[in-house]
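Chains S and W, in that order, are what the protein sequence lines are. According to this note's numbering, the stretch in the first sequence is residues 170 to 452, in order. According to this note's numbering, the stretch in the second sequence is residues 170 to 452, in order.
It should be emphasised that the hints constitute simulated quantities derived from the structure, not laboratory data. Please note: incorrect hints may appear among the correct ones.
The list cannot tell twin chains apart, which means a pair is met if one copy fits it or any two copies do.
What the hints assert, rightly or not - In silico lysine-lysine, BS3-like type, Cα no more than 27 Å apart, as pairs:
hint, residue 1, residue 2
1, Lys219, Lys421
2, Lys223, Lys452
3, Lys188, Lys270
4, Lys409, Lys177
5, Lys326, Lys368
6, Lys452, Lys177
7, Lys219, Lys175
Note that the structure is predicted; figures quoted are calculated from it, not measured.
Protein chains: 2
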Amino acid sequence: MAELLKGKPVAASLTETTKAKVEELREKGVVPTLGIVRVGENPGDLAYEKGAIKRASQTGVEIRQYLFGEDVSQEELISAIEEINRDDSVHGVLMFRPLPKHIDEKAVCESLAPEKDMDGITTGSMAGVFMDTDLGYPPCTAVACMELLDHYGIVLKGKNVTVMGRSLVIGKPVAMMLMRRHATITVCHSRTTPEAFAKAGREADIVVTALGRAKMVGADKLGEGQILIDVGINVDENGKLCGDMDFDEAEKKAAMITPVPGGVGSVTTAVLMKHVVAAAAKK
Amino acid sequence: MAELLKGKPVAASLTETTKAKVEELREKGVVPTLGIVRVGENPGDLAYEKGAIKRASQTGVEIRQYLFGEDVSQEELISAIEEINRDDSVHGVLMFRPLPKHIDEKAVCESLAPEKDMDGITTGSMAGVFMDTDLGYPPCTAVACMELLDHYGIVLKGKNVTVMGRSLVIGKPVAMMLMRRHATITVCHSRTTPEAFAKAGREADIVVTALGRAKMVGADKLGEGQILIDVGINVDENGKLCGDMDFDEAEKKAAMITPVPGGVGSVTTAVLMKHVVAAAAKK
Numbered sequence: 170m171a172e173l174l175k176g177k178p179v180a181a182s183l184t185e186t187t188k189a190k191v192e193e194l195r196e197k198g199v200v201p202t203l204g205i206v207r208v209g210e211n212p213g214d215l216a217y218e219k220g221a222i223k224r225a226s227q228t229g230v231e232i233r234q235y236l237f238g239e240d241v242s243q244e245e246l247i248s249a250i251e252e253i254n255r256d257d258s259v260h261g262v263l264m265f266r267p268l269p270k271h272i273d274e275k276a277v278c279e280s281l282a283p284e285k286d287m288d289g290i291t292t293g294s295m296a297g298v299f300m301d302t303d304l305g306y307p308p309c310t311a312v313a314c315m316e317l318l319d320h321y322g323i324v325l326k327g328k329n330v331t332v333m334g335r336s337l338v339i340g341k342p343v344a345m346m347l348m349r350r351h352a353t354i355t356v357c358h359s360r361t362t363p364e365a366f367a368k369a370g371r372e373a374d375i376v377v378t379a380l381g382r383a384k385m386v387g388a389d390k391l392g393e394g395q396i397l398i399d400v401g402i403n404v405d406e407n408g409k410l411c412g413d414m415d416f417d418e419a420e421k422k423a424a425m426i427t428p429v430p431g432g433v434g435s436v437t438t439a440v441l442m443k444h445v446v447a448a449a450a451k452k
Numbered sequence: 170m171a172e173l174l175k176g177k178p179v180a181a182s183l184t185e186t187t188k189a190k191v192e193e194l195r196e197k198g199v200v201p202t203l204g205i206v207r208v209g210e211n212p213g214d215l216a217y218e219k220g221a222i223k224r225a226s227q228t229g230v231e232i233r234q235y236l237f238g239e240d241v242s243q244e245e246l247i248s249a250i251e252e253i254n255r256d257d258s259v260h261g262v263l264m265f266r267p268l269p270k271h272i273d274e275k276a277v278c279e280s281l282a283p284e285k286d287m288d289g290i291t292t293g294s295m296a297g298v299f300m301d302t303d304l305g306y307p308p309c310t311a312v313a314c315m316e317l318l319d320h321y322g323i324v325l326k327g328k329n330v331t332v333m334g335r336s337l338v339i340g341k342p343v344a345m346m347l348m349r350r351h352a353t354i355t356v357c358h359s360r361t362t363p364e365a366f367a368k369a370g371r372e373a374d375i376v377v378t379a380l381g382r383a384k385m386v387g388a389d390k391l392g393e394g395q396i397l398i399d400v401g402i403n404v405d406e407n408g409k410l411c412g413d414m415d416f417d418e419a420e421k422k423a424a425m426i427t428p429v430p431g432g433v434g435s436v437t438t439a440v441l442m443k444h445v446v447a448a449a450a451k452k
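Just need the whole structure built from these sequences, with the hints factored in.
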């Protein structure tokens with residue numbers, strides 16, 4: 170039986186720390202404030218927004234909503250973001266994506282100032298995570314992996330970590346953050362040979378999956394006594410949420426494993442608030 | 170006896186292609202021009218500059234030199250670079266580093282427009298290589314590795330490549346470029362355990378070393394029949410140039426190996442000219 174690396178205690182601990190920092194900032198007259206930019210009413214966006222608002226209220230972070238209809242023009246959206254850039258009372262922005270198809274999403278993302286980019290959507294934030302500078306903020310989910318590892322006291326220095334997935338949202342930034350913490354990284358992806366994929370999985374100390382493919386990583390791709398971090402959130406053949414790992418198989422071999430749901434995903438809003446407070450403190 | 174992956178034929182072939190492109194551009198009235206910014210008279214800089222000027226003359230690229238004394242102020246340097254940014258007749262810039270200690274090198278680098286950054290010294294270029302966009306240009310030496318691999322017909326897709334070194338100049342950008350080309354990458358560095366280091370070296374299809382440590386990688390860290398790319402340029406105990414690999418040992422096991430000197434390093438000025446022409450063509 171592997172130890173379950175649940176996200177909830179990680180989020181709770183982060184929230185406590187953030188709450189204390191918010192109090193300090195409020196005493197200095199700074200009210201850490203997150204702007205949420207949402208276009209349309211995607212149910213997934215609404216659910217995440219609800220979670221973010223709840224987390225904000227637990228920490229004392231203020232939320233300001235910027236809501237637009239599906240038919241909003243690109244110019245309108247960009248000018249709203251440029252106004253937020255200039256607004257000193259809003260310290261960070263979360264913008265839901267994808268945006269409607271008539272909008273050049275990249276142009277809208279780039280209009281956001283990196284120092285207000287709480288979720289790694291700007292070029293500046295990406296450069297920051299690659300170069301290990303404090304420009305912008307990495308994607309919250311990628312940071313959530315690191316917070317979870319740290320919370321459970323998992324040492325990274327000198328460890329061999331296999332990251333499965335090479336997306337800009339998880340795989341690549343997590344690999345960079347792990348390397349910064351002195352882990353040796355291997356990044357596997359869809360073009361990795363099946364043999365190399367399984368070998369990299371089996372031989373690592375820690376495996377992070379961010380493939381977006383339900384139960385793709387089973388016992389054959391994992392070793393004994395590993396630490397397994399599953400970032401995937403997929404729907405299985407029975408319509409149930411599941412990760413990239415076959416949990417039942419993985420759990421038997423692992424020393425520690427994140428559940429899905431209830432693992433990395435439940436830490437992201439706490440990371441988001443941490444980023445808002447960091448941005449507010451920098452001011 | 171391993172096949173020697175010499176840099177000279179790679180540079181010659183690149184130079185031919187670049188020369189043809191320069192001719193096309195010149196017919197359209199565009200003279201691809203490289204600005205060289207040099208502070209002081211470091212012998213290494215002067216030698217590289219001489220090589221760049223020679224390579225430029227082979228391709229038809231024009232060189233414009235911006236020379237400053239060691240006592241140049243930061244403001245003076247930045248204002249010169251800002252003037253180059255505005256000057257449509259200069260398409261790219263090579264600036265020698267390190268700059269004198271009284272100058273904030275990062276600030277000077279950032280003052281260069283990424284689209285004129287021929288050697289990956291700006292945040293924009295770094296973001297481009299991480300995100301796989303065409304913003305800026307990766308460091309010439311990192312690109313030289315890729316050009317060399319391509320020239321010798323080495324397929325990267327599905328290959329397991331171990332990169333030794335995690336610097337922003339070579340290790341990280343090469344890892345990103347290899348991943349873009351669908352290689353599976355492992356990045357080792359100074360904090361990798363000796364066992365993991367040797368294992369990653371032995372088990373890879375291709376090994377790229379960029380450690381800056383003379384002859385650090387010997388037979389114990391390499392496998393049989395590999396392709397070995399040595400980016401290190403060091404001085405050995407007898408004052409002779411050598412790579413990060415122990416060439417005599419490595420050469421016995423490898424299928425293909427780059428010499429040092431005469432390998433990757435001799436491709437960089439040809440890459441520099443390729444970047445200048447790409448920048449001029451984008452105009």
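So, going through the hints one by one against the coordinates:
no.	hint	result
1	Lys219 - Lys421	neither (35 Å within a copy, 63 Å between copies)
2	Lys223 - Lys452	within (25 Å within a copy, 50 Å between copies)
3	Lys188 - Lys270	neither (38 Å within a copy, 42 Å between copies)
4	Lys409 - Lys177	within (20 Å within a copy, 58 Å between copies)
5	Lys326 - Lys368	both (21 Å within a copy, 17 Å between copies)
6	Lys452 - Lys177	neither (30 Å within a copy, 52 Å between copies)
7	Lys219 - Lys175	within (21 Å within a copy, 60 Å between copies)
The structure shown violates the earlier hints numbered 1, 3, 6.
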